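Colleague: Residue strings, one per chain:
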Amino acid sequence: MASFARYLRFVVGALAFSFMVALSMPAMAQQPSQVDPAARAVHEQQLLKEFDRIQGRVTIPDKRSDVLEQPAGREWQYFHSVTLRWIGGIAILGMLAVLVAFYLTRGMVRIQTGRSGRTIVRFSGFERFVHWMTAVCFVILGISGLNITFGRPLLLPLIGFDAFSEWSQWAKYAHNYLSFPFTIGVILIFLMWLAGNIPNKVDVEWLKRGGGIVGEGHPPAYRFNAGQKAIYWIVVLGGGAVAITGYQLMFPFYVTNIEGMQLAQAVHAIVSVLFIAVMLAHIYIGTIGMEGAFEAMGEGTVDLNWAKEHHSLWLDEESARTGTGNVRHQPSSTPAE
Amino acid sequence: MARMKFLCDADRCIECNACVTACKNENEVPWGINRRRVVTINDGKPGERSISMACMHCTDAPCQAVCPVNCFYTTEDGVVLHSKDLCIGCGYCFYACPFGAPQYPKVGNFGSRGKMDKCTFCAGGPEADGSKAEYEKYGANRLAEGKLPLCAEMCSTKSLLAGDGEIIAQIYKERVTKRGYGSGAWGWKTAYRETIAS
Amino acid sequence: MKAFLLACCCTVIIALVAVGSLNVFQEPVSVAFSTSGVRL
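From first to last, the protein sequence lines are chains A, B and C. All the letters of the first sequence, read from the start, carry residue numbers 1 to 337 under the working numbering. All the letters of the second sequence, read from the start, carry residue numbers 1 to 198 under the working numbering. All the letters of the third sequence, read from the start, carry residue numbers 1 to 40 under the working numbering.
Chain A extracted, bound-state conformation (with noise of 0.2 Å):
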């Protein structure tokens, strides 16, 4: 009697537990909800539309990581890799090209009178100083920098992965530690020329005679031509430029974020190709292009001839100042002409 009892509760007990399993499975017995319980949940392309990149909270300390995606990354790719290359190249050789026609047509801007061998303080010596730091500093900036841009393209074929990451990782802290040196000089470009790259009328006319190189004859000019205070306005704008871009990309998101990011290096790299260029025909003019006039920079004198052709004005303004235009020698004046 008392195991009939136990085999009945036993199956009882197993009928009782199949029925609860059998009801205990919905996808047998019902169709699949059609409430979607996430319904005022964003969604992915919404959010890109609104904002163009989505952005959420992290655990992370590293509170930059919050940005999920960021499409625009792609967009600032095609930038480096195809819009500048393009933009620099057709600029620097584009500049090349010009010099080099220019140089076999039109030739050595002569001194029309010959040199007279008697000499006049053009550029002191601190002057100098600081010309020539700026001046390395972008050669070997510049150089670096290309390295960035074209490196992978123009020199890895050459030199292979490793001697190419070797050089672009010496050429990198180069680049970034020279930036110093080349913003301190810049700045005292800035400071040290200020008063005599102010334009003024006779700017106007040096330019509509073109400055006598593409024009005729010896259009006057105080210490700096037209010429001269463009590139002294370029340096100290586009130097300023590339200075603070420049530090942002050193100091990642220390100021900005993604986006700053990427437009901080756009600036930097336009900005630096083209002030490549325009550097190239600073190269060219103060060597090759004019007799007499990588001695201003080199020794600091100038011929007086070629002070009389090409900056007249600022040949009287100096005799005036000394009282006898024929100096052979002066004494270092104050840095601030």
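Derived by calculation from the structure, the hints in this document are not laboratory data. Bear in mind the structure is a predicted one, so any value in this text is a computation, not a measurement. What you were told as hints is all true, and nothing was included just to trick you.
Ranges between beta-carbon positions, derived for each pair:
#	chain 1	residue 1	chain 2	residue 2	range
1	B	E166	A	I234	49 to 59 Å
2	B	T74	A	L93	28 to 38 Å
3	B	T74	A	T59	25 to 35 Å
4	C	N23	A	A39	46 to 56 Å
5	A	I187	C	K2	18 to 28 Å
6	A	I234	B	G130	49 to 59 Å
7	B	D60	C	K2	47 to 57 Å
8	C	S30	A	E299	50 to 60 Å
9	A	P61	B	R3	26 to 36 Å
10	B	I167	A	V278	50 to 60 Å
Cβ-to-Cβ under 8 Å is the rule here; a few derived chain C residues that face chain B:
#	residue
11	L22
12	S30
13	A32
All residues carry an ideal CB built from backbone N, CA and C; glycine is no exception.
With chain A held as given, fit chains B and C onto it using these hints.
Modeller: This is chains B and C only, laid out in the frame that chain A set:
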């Protein structure tokens, strides 16, 4: 050949961070480096969404395209890897990455940000598969052992899927059909230039 | 010539000073992005 992809089902992610923990443990990721992270949108508000994000191993990876020293490469499986030996730590891959995957050991960028580190789909790096050198630099190489990334394996709700792109897309589409809703595979359009019907 | 050589020297010196001072600044992420509680 299988084309490996990641898919995070934003409707299932509960922000448990198991994926993050699994990745950090499996690859001995140093402090401060976040190969995988969980981002929560509208935290605390109705319709809160959490998504687990690491490298998506994009088609036409922008990081690979922009790298000045060309230190990236894409394997046959579509996994985007890079060489830490060639990396100069310039930081450009981070500006190009739509998902913020590259991580650097240094905060400032004077000289170098250090060697870039990122999710490798648990597929190591250029060194020999499973070697000590590979582990020290890039973490585990599970793919060479025939295993899938640990983040997806450890996902508590199976919201994070990793593996053959076609298979995980199929899994996700079946889920969406069965439950009747789906917010889409976040990041797929940007990474793989295709959508998943949701 | 003197100005040029002096300029080169100063360039190098300023760059080295920058190296020194910035390396003091530079924080590894393990320090920057972790709280003192977790550092061993």
